[in-house]
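Colleague: Can you make the complete structure from the sequences, with help from the hints?
Same order as they appear, the protein sequences are chains E and A.
Residue 169 is where the first sequence starts when you use our numbering, and the numbers rise one by one after that.
Residue 169 is where the second sequence starts when you use our numbering, and the numbers rise one by one after that.
Quick caveat, the hints were computed from the structure, so don't treat them as lab data.
No incorrect hints appear here.
Now the in silico label distances, taken between C-beta atoms and shown as ranges:
id	chain 1	residue 1	chain 2	residue 2	range
1	E	K434	A	R320	32 to 42 Å
2	E	L900	A	N291	47 to 57 Å
3	E	E525	A	S293	30 to 40 Å
4	A	N564	E	K434	50 to 60 Å
5	E	Q642	A	Y500	51 to 61 Å
6	E	N291	A	D738	28 to 38 Å
7	E	P400	A	E329	24 to 34 Å
Covered stretches of chain E (chain A as the covering partner; in silico rule of three or more C-beta atoms under 8 Å from a C-beta of chain A):
id	stretch
8	369-375
9	398-405
10	704-716
11	719-730
Keep in mind it's a predicted model, so treat the numbers as computed, not measured.
From the three backbone atoms N, C-alpha and C, an ideal C-beta is built for every residue, glycine too.
There are 2 protein chains.
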Amino acid sequence: MIVYCRSLRHSFLLASFLACGRLFFASERGLQEITSSESSNAMQDLLGILPKAGHREIQGSNMTLAMMPMPLQVSFTNDDPFLLDKDFYMELPEDDEFNERLLRAAKRFLSRLSGRTGLFFENNSPTYGKNETPSFFHWSKKLPALKIRCRRKGDEMELEEDESYSIEIASTLVVLEADTDLGILHGLETLLQLLSVDPFRQSYSWPAVSIRDKPRFRWRGLLIDASRHFMPVDVIQRNIDAMATVKLNVLHWHLTDDQGFRIESKAYPKLHERGSDGNYYKQTEIKDIVAYAAERGIRVVPEFDLPGHATAWLVGYPELGSAPGPYELSPYWGISEHVMDPTKDTLYSFLEKFLHEMTTLFPDPFVHMGGDEVKINEWNESATIQNFMVDHNLSNAHELQAYFNNRIASILKREGKIMIGWDEILHPNIPKSIIIQSWRGHDSMIQAAQQGYRSILSNGYYIDLCLSAETHYQNDPLPSAVNLTREEQELVLGGEATMWSEFVSPETIDSRIWPRTAAIAERLWSPQNVSDVKDMYRRLDIIGTQLEEHGLTHIKNYDMMLRRLVQGSDISALKTLVDVLEPVPGYERGQQLGYTSFSPLTRVVDAAPPDAPVARRFRYLVDDFLQLSSTGRADTNRTTYIEIVECLSLWKENHGKLSTSIERFPVLQEIKQLSVDLAEVAVIGLKAVERLRSMNKRIHFSNAERRALNRARKAHGQSFLAVVFDIRLLTLEKIP
Amino acid sequence: MIVYCRSLRHSFLLASFLACGRLFFASERGLQEITSSESSNAMQDLLGILPKAGHREIQGSNMTLAMMPMPLQVSFTNDDPFLLDKDFYMELPEDDEFNERLLRAAKRFLSRLSGRTGLFFENNSPTYGKNETPSFFHWSKKLPALKIRCRRKGDEMELEEDESYSIEIASTLVVLEADTDLGILHGLETLLQLLSVDPFRQSYSWPAVSIRDKPRFRWRGLLIDASRHFMPVDVIQRNIDAMATVKLNVLHWHLTDDQGFRIESKAYPKLHERGSDGNYYKQTEIKDIVAYAAERGIRVVPEFDLPGHATAWLVGYPELGSAPGPYELSPYWGISEHVMDPTKDTLYSFLEKFLHEMTTLFPDPFVHMGGDEVKINEWNESATIQNFMVDHNLSNAHELQAYFNNRIASILKREGKIMIGWDEILHPNIPKSIIIQSWRGHDSMIQAAQQGYRSILSNGYYIDLCLSAETHYQNDPLPSAVNLTREEQELVLGGEATMWSEFVSPETIDSRIWPRTAAIAERLWSPQNVSDVKDMYRRLDIIGTQLEEHGLTHIKNYDMMLRRLVQGSDISALKTLVDVLEPVPGYERGQQLGYTSFSPLTRVVDAAPPDAPVARRFRYLVDDFLQLSSTGRADTNRTTYIEIVECLSLWKENHGKLSTSIERFPVLQEIKQLSVDLAEVAVIGLKAVERLRSMNKRIHFSNAERRALNRARKAHGQSFLAVVFDIRLLTLEKIP
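Modeller: Printed below as a string of structure tokens:
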């Protein structure tokens with residue numbers, strides 16, 4: 169990404185490579201790096217302009233702007249900022265007068281803008297004007313306006329659709345232009361992220377910038393698993409809003425699995441009636457959600473996972489299964505043995521009718537048929553199936569699944585749909601039109617592309633595993649060194665974050681999706697070289713708060729869950745501990761405690777944020793302090809030192825404050841050891857900090873202290889202390 | 169309400185009058201009051217039992233139990249408490265095996281119980297057993313069980329239906345008995361409120377109590393106005409859940425008004441299409457909500473407000489109006505001039521068809537037809553209407569409205585429905601079957617009863633006016649001195665809290681309804697003498713937190729709204745100020761700032777809690793301190809003194825911390841004066857406290873200080889400082 173100044177008061181070109189956290193400018197003296205110690209007048213001016221662009225918080229500027237995903241290109245002008253006031257109005261192109269989607273998007277935009285600024289706009293509805301680029305030159309005298317210029321309604325279901333847009337901001341005019349209204353939708357989100365405060369004029373404002381933007385990948389998705397835990401309509405809707413905010417464009421809706429069939433079928437009502445606990449989406453709700461998503465430029469791709477993960481189908485229709493049945497909904501996680509019998513012709517007529525019904529609900533050209541984790545025991549045990557395989561020359565289960573997939577793909581083709589499947593379906597016999605979604609590894613994506621299949625990457629984007637945003641952010645679908653030709657690279661459509669729902673309820677799901685998914689959204693939208701992790705986190709914190717506007721609960725349910733744990737009593741000490749706890753990452757949680765679909769998701773581990781922000785900020789402090797220390801400056805930088813000591817002192821004292829609550833509320837018993845551990849390692853951390861600062865080589869750590877550090881790594885109640893590693897770093901002790 | 173001990177270790181009878189905040193016991197020495205200075209062994213035992221009942225928090229007991237509404241009768245046994253563990257199971261009566269409502273309620277109960285305790289119950293679904301009262305005597309060896317005994321499915325639409333229940337808790341058995349499942353629903357909520365922690369056994373528990381309960385009034389309602397600001401389905405649903413928690417049983421749904429027609433009509437589609445901004449309830453959604461409410465024992469009474477408040481009807485069907493039209497939806501508050509033309513026969517055929525359609529959606533026997541605030545200008549100006557009145561001997565507008573109401577009442581009667589209307593409809597000519605809802609004053613309710621009409625009280629329960637819970641709590645529909653015979657009193661069915669929505673959005677509505685409505689719910693359910701305000705507030709705080717379980721945002725959106733105001737930066741100083749702000753009460757807000765339906769509801773006033781809990785706690789501190797002071801003990805009670813000084817010192821320093829944010833964010837400009845005022849009055853308060861403590865008569869207040877106190881009473885940004893009055897009290901200055 170390149171940020172440059174179109175014009176500057178001091179007539180030099182600014183080339184700023186913010187992605188790597190450094191700032192350069194080109195002057196007569198050549199390309200020079202700007203450091204914070206610079207103090208020339210020119211530099212002051214430069215810094216005076218830059219923060220308005222919101223790329224970095226500059227000390228004292230009080231600016232907290234951020235864009236996420238970062239646009240392709242941002243440039244600054246030396247115009248005054250655009251000041252928002254109650255006279256502000258919004259103009260849509262009269263050619264597009266019948267584009268209701270654009271009009272409604274404009275109204276939502278106005279309402280959010282008014283909500284964030286408290287401004288009572290005189291014009292609450294957009295006006296219409298000529299669809300031509302207005303002249304900035306002749307504009308200065310008029311009321312502050314946002315003019316939208318757009319040529320046509322975009323087709324969000326067309327993979328190659330133009331999503332680009334541009335923004336020009338001058339002192340009293342903003343022009344947002346795009347070929348399609350999809351571009352406009354993206355541009356409006358960018359404008360909301362650009363909203364700033366002009367500190368000199370006591371006004372909300374937009375900085376004078378020029379933006380060109382378009383996505384790197386055309387498939388930017390979020391999978392929500394509504395089968396394992398049902399997610400009500402409002403949960404889906406607010407997540408669609410959030411997706412639009414970070415420019416994601418595909419909701420992949422996992423609707424069936426062993427634990428529940430979550431969509432009403434009028435053709436086969438026993439699917440939802442017997443295949444669920446009563447929680448399923450009615451067809452009217454499905455239509456509403458599809459329309460809600462389309463309003464925001466988002467496609468909805470349903471997933472009907474087959475032939476494995478199929479128990480919920482079989483409860484009502486056991487005749488489709490490979491075993492005699494009867495079947496029951498599974499309250500357990502993991503992979504069920506129950507699979508469809510692909511040798512039965514009745515299965516295909518059943519699915520033909522079912523899928524035909526589903527196509528009336530889901531207009532998207534793609535249908536996901538799952539295909540992952542197919543257990544073959546029932547196939548092996550069935551004589552009919554074994555005979556069928558012999559008769560049809562199918563030498564193993566994988567070939568039988570390919571046979572199944574081929575038949576499904578042709579059913580879908582007759583319906584005008586394209587099939588997607590998880591990477592297990594990759595097989596020489598399946599048609600090239602099928603799209604492969606890679607979950608088991610990057611390799612399967614590469615392999616699919618090399619074999620001529622289009623693909624979507626999900627491996628590395630499994631947000632249910634509670635890994636850091638950084639991990640996902642660094643997972644580029646097409647890293648520079650990727651072993652694919654340009655043509656093969658074109659087959660990689662993009663990626664999808666996957667929110668599997670074994671361990672989330674409607675109460676916690678937002679906190680497992682957001683804000684980390686915004687980092688994945690940036691990976692899929694922004695140029696490859698937008699990759700500075702620290703800056704990503706800076707912006708993620710800001711965007712995370714803005715996302716609350718949609719009713720998301722990822723921040724606000726945290727305190728609420730802590731309040732419930734202590735029955736409404738004071739949460740401060742509990743919060744100090746849980747602030748530095750994270751759920752055990754990966755698949756570890758599922759292997760503990762005998763979880764079922766009935767288990768409570770209200771304990772400390774469920775409140776604990778993945779990629780805990782407090783722990784992350786401590787990590788950066790430790791990095792800085794160790795850096796200072798290694799260059800002999802640990803005793804000179806007071807700020808970092810004071811902040812670290814404050815953190816550690818707070819933790820050192822916390823167990824004393826929390827122990828009463830732990831004794832009082834049985835549900836907190838499981839975190840008692842974590843609370844004790846935190847206090848212990850904080851004491852060790854304080855000692856380590858003093859040693860580094862004083863460079864006193866006579867201070868050593870005892871074996872007891874080393875054991876304490878080691879003990880504190882252990883998880884309790886499926887949570888672990890996310891600051892122990894960093895405290896160990898401070899001790900400079902070898903980490904086993 | 170009487171609380172007594174069935175048996176006690178020390179064989180005396182305990183009669184505790186907790187409603188008045190005092191505790192007595194009867195012993196050989198007669199009735200004695202228990203004070204906190206008592207320390208006999210017997211007393212220790214007594215106190216050891218009492219807190220388990222959750223009526224009061226006894227120092228050091230760590231108990232925070234509370235019930236709201238308070239049951240009719242609670243008694244304590246000396247049994248051990250019932251300890252909850254993973255073996256806990258729930259048994260429903262096999263006679264009621266086909267009562268799906270009861271089964272689903274039981275499952276929700278188990279899920280909430282598991283959610284609050286973190287327990288992984290082995291039995292996630294209830295079992296079935298013989299429908300007979302189990303013997304406590306033979307139970308002791310079995311697994312901990314909750315047995316439900318219930319004779320039949322109740323009819324929530326039958327006004328006289330039995331809602332009573334009883335609970336008996338012994339060490340390993342809880343029996344919840346009721347005639348109808350409606351009683352069981354109430355009892356389950358009581359059990360959740362009774363859930364306690366046994367501090368000696370490190371276990372969640374129920375105290376050994378015996379409860380008999382039934383409502384004082386049979387109509388306990390909440391009105392939600394979904395017209396002025398539309399409220400999405402999930403908002404309605406979570407409020408229904410909360411209503412059930414505090415045993416309210418009527419959702420009065422205000423669906424039409426000048427600002428929007430919020431229900432789909434297939435008979436007259438222009439009603440919702442042209443009469444709304446696109447936000448309306450689809451008929452499928454209406455059916456879902458009615459079913460959702462019925463599941464929780466709650467009736468849904470729709471309101472179609474006529475003949476005034478009618479603009480939204482007339483946009484699509486101007487021919488029904490008294491003026492020629494055309495009509496437009498009103499974005500303004502206040503009373504519109506537009507009224508129906510009651511002289512047109514076509515109006516009645518229209519309404520007949522419309523109401524017939526509505527009866528297919530709303531099974532409740534009651535339909536609310538509004539009838540309030542009918543402006544008569546258009547009637548006066550229409551020659552046809554004037555002629556009609558002459559022809560029909562209608563001497564004034566009120567008689568014309570009575571003519572209208574009579575015709576509507578007969579249409580409804582043919583549909584098998586009973587009409588309800590606001591008190592303006594009271595007129596000698598209307599049928600006695602009609603129910604009068606009193607909003608303008610208690611008097612109209614009395615009048616209605618004296619004239620033989622059944623009535624519902626809403627005057628005094630207008631929660632949109634941002635008054636204190638105390639105000640509503642003290643508003644008894646039938647105070648002891650009421651001038652009504654016993655028969656007339658029987659006509660008073662109950663009351664309804666009214667949530668008019670001029671100044672609430674889906675984001676803020678919960679905080680205007682809860683927790684204050686729980687106090688109204690108690691007024692309508694509990695015995696009249698349950699009236700101790702301080703104890704009500706103690707319990708309200710606890711119940712308020714428990715209500716969050718339903719996804720209500722009344723607590724958690726507070727911080728979220730503050731975060732938005734400061735764009736995600738630190739909210740602590742802002743919170744310190746807003747904690748003691750309240751929205752201007754009454755109708756004042758509507759007269760300021762030119763509010764329309766588009767105006768932002770995201771400013772400080774919208775975040776500020778009505779009846780601010782922090783201000784209320786300060787008020788009680790001041791009460792205590794002044795009490796101590798007046799008896800010359802102000803210098804001896806350190807706790808109260810320290811707490812007051814802590815509050816005042818925090819406020820004194822706060823403006824210094826907050827001013828940067830105020831300068832930075834334009835939306836905070838309007839509270840700048842409040843922030844300055846708080847600091848100023850805090851300084852005065854500190855001086856006053858020192859004077860009282862030291863009894864130093866030479867300390868006086870200057871005119872400047874008196875002016876500052878006066879200035880600080882003024883509202884800014886539609887908010888006022890709720891602690892100024894109490895600080896004035898501390899100064900002992902005369903209050904003008």
